[in-house]
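Q: In order, the protein sequences belong to chains A and B. Take 1 as the starting number for the first sequence in the working numbering and just add one per residue. Take 1001 as the starting number for the second sequence in the working numbering and just add one per residue.
Everything labelled a hint here was simulated from the structure, so no lab data went into it. Idealized CB from N, CA, C, for every residue including glycine. Honestly, I wouldn't trust all of these hints.
As the list claims (entries may be wrong) - Think about it this way: if two alpha-carbon atoms lie no more than 30 Å apart in a straight line, the pair counts; the simulated DSSO-like pairs of lysine-lysine are: (1) B:K1490 with A:K229; (2) B:K1592 with A:K399; (3) A:K235 with B:K1490; (4) A:K208 with B:K1490; (5) B:K1235 with B:K1072; (6) A:K490 with B:K1208; (7) A:K208 with A:K109; (8) A:K592 with B:K1399; (9) B:K1235 with A:K490; (10) A:K490 with B:K1229; (11) B:K1208 with A:K399; (12) A:K208 with B:K1399; (13) B:K1208 with A:K208.
Unchecked claim - Among chain B residues calculated to face chain A with C-beta under 8 Å, some are: (14) R1213; (15) D1214; (16) L1215; (17) A1220; (18) L1358; (19) G1361; (20) D1481; (21) L1485; (22) R1495.
Protein chains: 2
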Amino acid sequence: MRNGDAAGNEAAAGGGVAGRDRPEENRMVARVSFQTDPSRYRHWRLAIEGPVATLAMDVAEDGGLGEGYELKLNSYDLGVDIELYDAVQRLRFEQPAVKAVVITSGKDKVFCAGANIRMLAQSSHPWKVNFCKFTNETRNGVEDATEHSGQTYIAALNGTASGGGYELALACEHILLIDDRSSAVSLPELPLLGVLPGTGGLTRVTDKRGVRRDLADYFATKAEGIGGKRAVQWKLVDEAIPRVQWQQTVSERAVTAAHASCRLSGSGPGVALTELRKSRTDDAITYTYVSAALDRGRGVAEITVRAPDPTDPTSPTAPASPTGLTINDVHALGDRFWTLAVTRELDDLILDLRTNELEIGTWVFRTQGDPGTVLAYDDLLLDNAATDWLANEIVLYFKRTLKRLDVTSRSLIALIEPGSCFAGSLLELALAADRSYMLSGVFEDVDPDAAPATITVAAMNTGPLPMGNGLTRLATRFLGDQAALAAVEKRAAERLDAEDAERLGLVTFAPDDIDWADEVRIAVEERASFSPDALTGLEANYRFAGPETMETKIFGRLTAWQNWIFTRPNAAGPDGALRAYGTGKRAEFDRKRV
Amino acid sequence: MRNGDAAGNEAAAGGGVAGRDRPEENRMVARVSFQTDPSRYRHWRLAIEGPVATLAMDVAEDGGLGEGYELKLNSYDLGVDIELYDAVQRLRFEQPAVKAVVITSGKDKVFCAGANIRMLAQSSHPWKVNFCKFTNETRNGVEDATEHSGQTYIAALNGTASGGGYELALACEHILLIDDRSSAVSLPELPLLGVLPGTGGLTRVTDKRGVRRDLADYFATKAEGIGGKRAVQWKLVDEAIPRVQWQQTVSERAVTAAHASCRLSGSGPGVALTELRKSRTDDAITYTYVSAALDRGRGVAEITVRAPDPTDPTSPTAPASPTGLTINDVHALGDRFWTLAVTRELDDLILDLRTNELEIGTWVFRTQGDPGTVLAYDDLLLDNAATDWLANEIVLYFKRTLKRLDVTSRSLIALIEPGSCFAGSLLELALAADRSYMLSGVFEDVDPDAAPATITVAAMNTGPLPMGNGLTRLATRFLGDQAALAAVEKRAAERLDAEDAERLGLVTFAPDDIDWADEVRIAVEERASFSPDALTGLEANYRFAGPETMETKIFGRLTAWQNWIFTRPNAAGPDGALRAYGTGKRAEFDRKRV
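Only chain A is shown next, with the shape it has when bound in the complex (with noise of 0.2 Å):
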């Protein structure tokens, strides 16, 4: 789990890192792996007891993903947000009885400590960067979960919620604090350690709970919080329960969140996510479905997605095409149905790539297959995603995973080749790239009689996979202009080639065989000459063009706030606050105001 199990192959370490050491990340890392199961939790205790779900923070000291620091007080690191992540996930595909779940310590008087502060101050930037946004996306997912997968979640803070604890909290729909004179919440990053609460944090405080905003400014500097009726009055917690009622109001509340559930029902139990069939070594990451070649001379991943063929008869997903496939199939298929599998391959990569790769700075997506598979897939979830939990669930998983591609700071760049299948789902990964080529005709010196590629705008495009400013990707690109946005509306379904698709402004470019080769290199080579920080900054605006949402707002202003800070000497510096916390010195702050 820790740096002892070093295996070439990380997908057996769990939640853990293997791999070679990387000391200029501050014995933060080797390699770390994303994949874990409940029998591997170190951290959280998952019960179950009918339509209720009970997930309790037990986070083992000795238990970090890094060396030099303890995991007191529930306090968390990257190894525990990955095993939250894990239970979110399991929860919503292999307990679909489950309709409400309840977040809470199984320490006694604290519920969570947060962000373990000696693992931030030893943290390189990019590490710390890369956790908070992790961190930021599993409490999304949280939420996501409750809105849209009728899994309420229920924190029941049994002990104080500092930082991110509280953060972790404010994630959840409904809030019980205990009421022991002691208990409270609290936001203690500025005035203890010189930085945001950073992963949500301040931005849900008022935009999602309605804290006003000076009592939400008294509050974030007051580093031992608030507890009892005050945080109920100032809207901080929704409830505050003495302990004798405490058990029994906490089960009332997550019965009452069960009956008001808007969980779908369908056929069969749950769907078990089965341990990912992937290989890894320096320079290629290989799923069943998804394939990534690392060229580190040119700082690229070629990323290959790949639609099942139908013509291959060990294709794991049995029948390739779906057609003629029902819901029972996909029950029945679970997680080899090609849209989830996919799904869990593209998220795996991505935070793998993440957090691993941090030189890979522009990644190229292809993809590879039939496009009438693809929409077939599609249609046969969205036919049947408003009344069967496990085809919503593989939809809402897919939207999911399109935003963390929309929050990542990599250059995105979609080839259009022929043979490729970017029709509805998968045209999503040309629409959240940074910029797109397509192919007008085909190689002349490859295959002279390939069809030309193709695109499709289907159902996938224009509704259930919004980003997270509440537009689908389509909307995003066409802002302000409604009839290009209606133009391309009118041609859904159809196979559009280079030139149509380029002219409705579905691509970038579209240069044909002569003009293509130099294009794209040129695109690729510019990409890793320019400043990494000015390409984060700049795909960081540009992808989330037109409204803000709580989400964005925290993946935008608080976090590039958050960003700003961990690089001032002010926090991470020698005597940085954050650097100075637990040491008995005092932190010097430089003290001029920007």
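Chain A is fixed; fit chain B onto it per the hints.
A: Relative to the frame of chain A, chain B by itself:
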């Protein structure tokens, strides 16, 4: 104008630098003054012909505010932007007949090369951030004039507009580019300097002009930019006009805009913005109605804003109480009219403190005077703002000044004491504050017979002074709590005492005489003990609860990312792109993506 004219009273030193040197600010500053007038402009020429004003940028190469750089190719520094700000303000107040403003270049073949790179490279981090903030505010002022004053800005790009030059054009309603095979618009910040087009560029391209995000991505990586028809097709400009038709087309567009203008009429000619009566020492800044005592030890500016005193016959606003005044009197009083005078003073004070007093981290606001007087001034303006250009301009100017406060990286605390007049327009100061304290009762030792403080919600608080997020400060305060907002609005016009104000949620705390001194002292001292950077991030998040607009996205998402990039070695380090530019050296990048 430059370091030469060091003068004790900087009011004499227009748009320049005066006072003691501060070598830590990289040769950029002594003390900057924001006061200037057209007779002192070195970089802009203003010409007026009927309803059309032309503002020609013709930057004096040797006219930089600091030393060590030349303002070649119409590149700009803060001094150039101070003149632009002055011109935009004066057009609104001094030129009521102007209904369209053409911004163009006085130089041949170049419109504007953007912010001066050498200036940026040698600037400290706070200077860069402050400079960009003021530049952003001026560009927002251009948009505000177009939208609300009926002075429509047209960018006539008679040569290449690069970086900040194009960003200035983006703030205009209509962009004309000369079509001469060499002139282009460009955002070369990322490829050349490793930073962002951070004064609105990335936001306005997509959100205002509707440039598709992938085309915008390509555009922002192509240093030489895009001109001609392609610039029009991509919506980067509105028209590309051949040289032979240039003058006539620009003139036609200006006349058309003037005809379509919503500029209000009203009596009288323009109102001259005469030199502010300001005295400035190291410890105090004093105007007619506004004063600030600077306590460097505590890092606090104690700011007092006064209503006119009806009992003072020397009051420059005659009559001191507006009862019985008509809109004609407002015109006759001109910039002696209280609201205009106090707004100019506040505006100048904010800019002065923000730029020159970086270590004064907390601004404490008090008001002094009769609430009835403030409300009478407010009523006079609001009764006429829909029909009279001057009343409209004064309200808009107060709105912009409050917005400047909202984006100021200083902690704002309002103290509401007996003798204060936090009513209507001045109540906004308390609502803009991060926290407010209102004395319950009176100071028994000081003046036991004083009338306890009151605050009054009035029409100014419920519409005409929106924040950048499009909501009033009240609506932002009570986000998601319609009932609380309604309860407050129901009490409009009432003089609310401390208990009522606290109960209604209009003030943060209402301590009595016994607790007051300690509570206020602790709040202020505590603020000075926290990390200044973390406070900046905290306030930048809490002040903008709720929806985001293009304006708040520029100050939130875009600016925060830019500030982060400004701190990163890839831009600002010895081998960073910003420092390497023009030296012949290639920037050395840490290739890790964060």
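Q: Confirm or reject each hint.
A: Hint-by-hint comparison with the structure:
Of the supplied pair hints, the one linking B:K1490 and A:K229 holds, its CA atoms being roughly 27 Å apart against a limit of 30 Å. Between B:K1592 and A:K399, the direct Cα distance comes to roughly 27 Å. Compliance with the 30 Å bound is thereby established for this hinted pair. Of the pairs offered as hints, the one joining A:K235 and B:K1490 holds, with about 23 Å between alpha carbons and a cut-off of 30 Å not exceeded. For a cut-off of 30 Å, the pair hint linking A:K208 to B:K1490 stands: about 25 Å separates their Cα positions.
Of the pairs offered as hints, the one joining B:K1235 and B:K1072 holds, with about 28 Å between alpha carbons and a cut-off of 30 Å not exceeded. Restraint check: the Cα-Cα separation between A:K490 and B:K1208 comes to about 25 Å, which is no more than 30 Å; the hinted pair holds. For the proposed pair A:K208 and A:K109, the alpha carbon gap of about 27 Å is at most 30 Å, so the pair holds. Of the supplied pair hints, the one linking A:K592 and B:K1399 holds, its CA atoms being roughly 27 Å apart against a limit of 30 Å.
Between B:K1235 and A:K490 the CA atoms are separated by roughly 23 Å; this keeps the pair inside 30 Å, and the hint holds. A hinted pair counts as satisfied when its Cα atoms are at most 30 Å apart, and A:K490 with B:K1229 qualifies at roughly 27 Å. Between the alpha carbons of B:K1208 and A:K399 the distance comes to roughly 27 Å, so the proposed pair stays at or under 30 Å and holds. Simply put, A:K208 and B:K1399 have alpha-carbon atoms about 27 Å apart, close enough for the 30 Å limit, and the pair holds.
For the proposed pair B:K1208 and A:K208, the alpha carbon gap of about 28 Å is at most 30 Å, so the pair holds. Proximity of B:R1213 to chain A holds as hinted, the smallest CB-CB distance being about 5 Å (cut-off 8 Å). Using the Cβ-Cβ criterion of 8 Å, the hint placing B:D1214 at the interface with chain A is satisfied: the shortest such distance is roughly 4 Å. Below 8 Å, beta-carbon pairs count as interface contacts, and B:L1215 has one with chain A at about 7 Å; its hint therefore holds.
Hint on B:A1220 holds. Least Cβ distance to chain A is approximately 6 Å, under the 8 Å limit. The criterion of a C-beta within 8 Å of any C-beta in chain A is met by B:L1358, whose closest approach is roughly 4 Å, and the hint holds. The interface hint given for B:G1361 holds, since its Cβ lies 5 Å from the closest Cβ of chain A, which is under the 8 Å cut-off. A cut of 8 Å between beta carbons decides the hint on B:D1481: the least distance to chain A is about 5 Å, and the hint holds.
Hint status for B:L1485: violated, given a least beta-carbon distance of 11 Å to chain A, over 8 Å. At about 21 Å, the closest approach between the beta carbon of B:R1495 and any beta carbon in chain A exceeds 8 Å, and the interface hint on this residue is violated.
Hints 21, 22, counting from the list given before, are not met by this structure.
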